[in-house]
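Line by line, the protein sequences are chains P and B. Residue 1 is where the first sequence starts when you use our numbering, and the numbers rise one by one after that. Residue 183 is where the second sequence starts when you use our numbering, and the numbers rise one by one after that.
Misleading hints may appear alongside valid ones.
[To be verified] Within a straight-line C-alpha distance of at most 25 Å, the following computed BS3-like cross-link-like pairs (lysine-lysine) qualify: (1) B:234 <-> B:195; (2) P:80 <-> B:376; (3) B:278 <-> P:74; (4) B:376 <-> B:268; (5) B:284 <-> P:74.
[What the hints assert, rightly or not] With the C-beta cut set under 8 Å, the calculated list includes, among others, these residues of chain B facing chain P: (6) 213; (7) 216; (8) 217; (9) 221; (10) 224; (11) 225; (12) 242; (13) 270; (14) 282; (15) 386.
Treat the hints as calculated values from the structure; they're not laboratory data. Note that beta-carbon positions come from the ideal geometry of N, C-alpha and C, so glycine has one too.
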Amino acid sequence: MAIGLLTRLWSSIRNTAQNPKVLIQQLPYRGLQFANFLCALHLFADHVATISSVQGPSMIPTMANEGEIALELKWINVHKLARGDLITYASPLDPSRPVCKRVLGLPGDVVCVDPTGTYAPSTEHVVVPKNHLWVSGDNLAYSRDSRVYGPIPMGLVRGKLYARVWPLRDATVFPSNFDFID
Amino acid sequence: MQALRLVRLPWTKLRHSSRDLLAKRPTIHWLLSALVWLPLGLFVTDCIANVKSIRGRSMQPTLNPDDSQWRDVVLFNRFTVRILHKYNRGDIVALKSPVDSKLIVKRIIALEGDVVRTLPPYPDAEVRIPPGHAWVEGDEPFRTEDSNRFGPIPLGLVESKLSYIIWPLSRMGPLGQPVIVRPDARRGSPDWRKSQADLEREKWRSSRVTLAPESSSPSS
Chain P
1 MAIGLLTRLW
11 SSIRNTAQNP
21 KVLIQQLPYR
31 GLQFANFLCA
41 LHLFADHVAT
51 ISSVQGPSMI
61 PTMANEGEIA
71 LELKWINVHK
81 LARGDLITYA
91 SPLDPSRPVC
101 KRVLGLPGDV
111 VCVDPTGTYA
121 PSTEHVVVPK
131 NHLWVSGDNL
141 AYSRDSRVYG
151 PIPMGLVRGK
161 LYARVWPLRD
171 ATVFPSNFDF
181 ID
Chain B
183 MQALRLVRLP
193 WTKLRHSSRD
203 LLAKRPTIHW
213 LLSALVWLPL
223 GLFVTDCIAN
233 VKSIRGRSMQ
243 PTLNPDDSQW
253 RDVVLFNRFT
263 VRILHKYNRG
273 DIVALKSPVD
283 SKLIVKRIIA
293 LEGDVVRTLP
303 PYPDAEVRIP
313 PGHAWVEGDE
323 PFRTEDSNRF
333 GPIPLGLVES
343 KLSYIIWPLS
353 RMGPLGQPVI
363 VRPDARRGSP
373 DWRKSQADLE
383 REKWRSSRVT
393 LAPESSSPSS
């Protein structure tokens, strides 16, 4: 059956190649169709799901410095994010740069600004305001996150990293690493 | 092979019946074939430009002035903001409010590095805008929820730039142009008075902003 399909495809290609007039007549329409297809792909990647490569040292050990690819869901409800989710958002320092961090505090939570004490004294605590998230990298030594620019508005959130797909050896669905301590 | 044929049988039936339906009803056929082009249209509204009407009075008198009986319909240019990431002082932009993520329309007053003298609800008298942020305000200082309430906003929240008024026809024209005294208006006529008021407001706005040292030209 597959061979039959292939031969039919091949013969149709040969027919078009033999009649250049038909080809030229159909070219604008075919081009528009192709553009339409590309638009559909782009919309899917922008609003439903996409695979994206993650770079930079800020998420070690969850994500390596480079060469790892993750499945990113774009169709998400920002109000249903949980603590421990990996999200991507437009960096408040540079709107053209998407960054990936872990959600640490939801609206209303009290978080410690900087447990390491480099950006603020380690005793300082703040309440995350309404419609904001407190985000943090997993590698606190090499990460610019809410410790630097404060809580981020939910409007900046672009997507959520769901699973690692490359390298295949380490492919996993990201687990939530949050535990409650009594 | 037999199993495959069994699976395919209902599918073939469905295909044939739908083909018959389409042949009988040309309207449905036309609608479905138009639906195929939906991605192209969605792409244009998502990444290039969009037309929306404005609600509320926070941008008076630039948008929805009191003497207008219509809501303004404006062309939202998404391309310069989403793809080129270009932002200028004086642009009227639509952004997601940091307070509740709803779309609001405000004017960019200052960009990163500028120093702004703030208005009452804000706790500090002067603010230096951090990198990647902007100070946005409504044109009507009394009826607006803007940076004087929630502080400088990250530029990533900006979704589109309002570039052209489409409706009402009497005020049709580009938005965000530099304000000048209209040379065609007679001194004392309503048009002249309006442009004088615009000029005054613009002067007051720019007097509160000290530009960042590296971008001293006001048009940058």
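Exercise. Within a Cα-Cα threshold of 25 Å, do residue 278 of chain B and residue 74 of chain P meet the stated pairing?
Worked result: With Cα atoms ~17 Å apart, residue 278 of chain B and residue 74 of chain P stay inside 25 Å; holds.
Exercise. Are residue 242 of chain B and chain P close enough, Cβ to Cβ, to be under 8 Å, as the hint says?
Worked result: 25 Å, violated
For this session: With a cut-off of 8 Å on the beta carbons, see whether residue 224 of chain B makes it to chain P.
Result: This interface hint holds because 6 Å falls under the 8 Å limit.
For this session: Report holds or violated for the interface hint on residue 282 of chain B, using the least CB-CB distance to chain P and a cut-off of 8 Å.
Result: Holds, about 6 Å.
Exercise. CA of residue 234 of chain B to CA of residue 195 of chain B, is that 25 Å or under?
Worked result: 45 Å, violated
Exercise. With 8 Å as the cut and Cβ atoms as the points, is residue 213 of chain B at the interface with chain P?
Worked result: At 17 Å from the nearest chain P Cβ, residue 213 of chain B fails the 8 Å test, so the hint is violated.
Problem set entry | Proposed interface contact between residue 217 of chain B and chain P, which counts if any beta carbon pair is under 8 Å | Violated, about 11 Å.
Exercise. Quick one, is the residue 386 of chain B hint okay against chain P at 8 Å, beta carbons?
Worked result: Since the shortest Cβ distance to chain P is 28 Å, the answer is violated.
Exercise. Taking 25 Å as the top limit, are the C-alpha atoms of residue 376 of chain B and residue 268 of chain B close enough?
Worked result: With a Cα-Cα distance of about 30 Å, the restraint between residue 376 of chain B and residue 268 of chain B is violated, given a limit of 25 Å.
For this session: Let me know if the C-beta of residue 225 of chain B comes in closer than 8 Å to any C-beta of chain P, holds or violated.
Result: Status holds, d = 4 Å.
Problem set entry | Restraint satisfaction for residue 221 of chain B [CB to CB of chain P, less than 8 Å] | Result: holds, 4 Å to nearest chain P Cβ.
Problem set entry | Agreement of hint residue 216 of chain B with chain P interface, Cβ distance less than 8 Å | Hint on residue 216 of chain B: violated, closest Cβ of chain P at ~12 Å, above 8 Å.
Against the hints set out earlier in the document, violations occur for numbers 1, 2, 4, 6, 7, 8, 12, 13 and 15.
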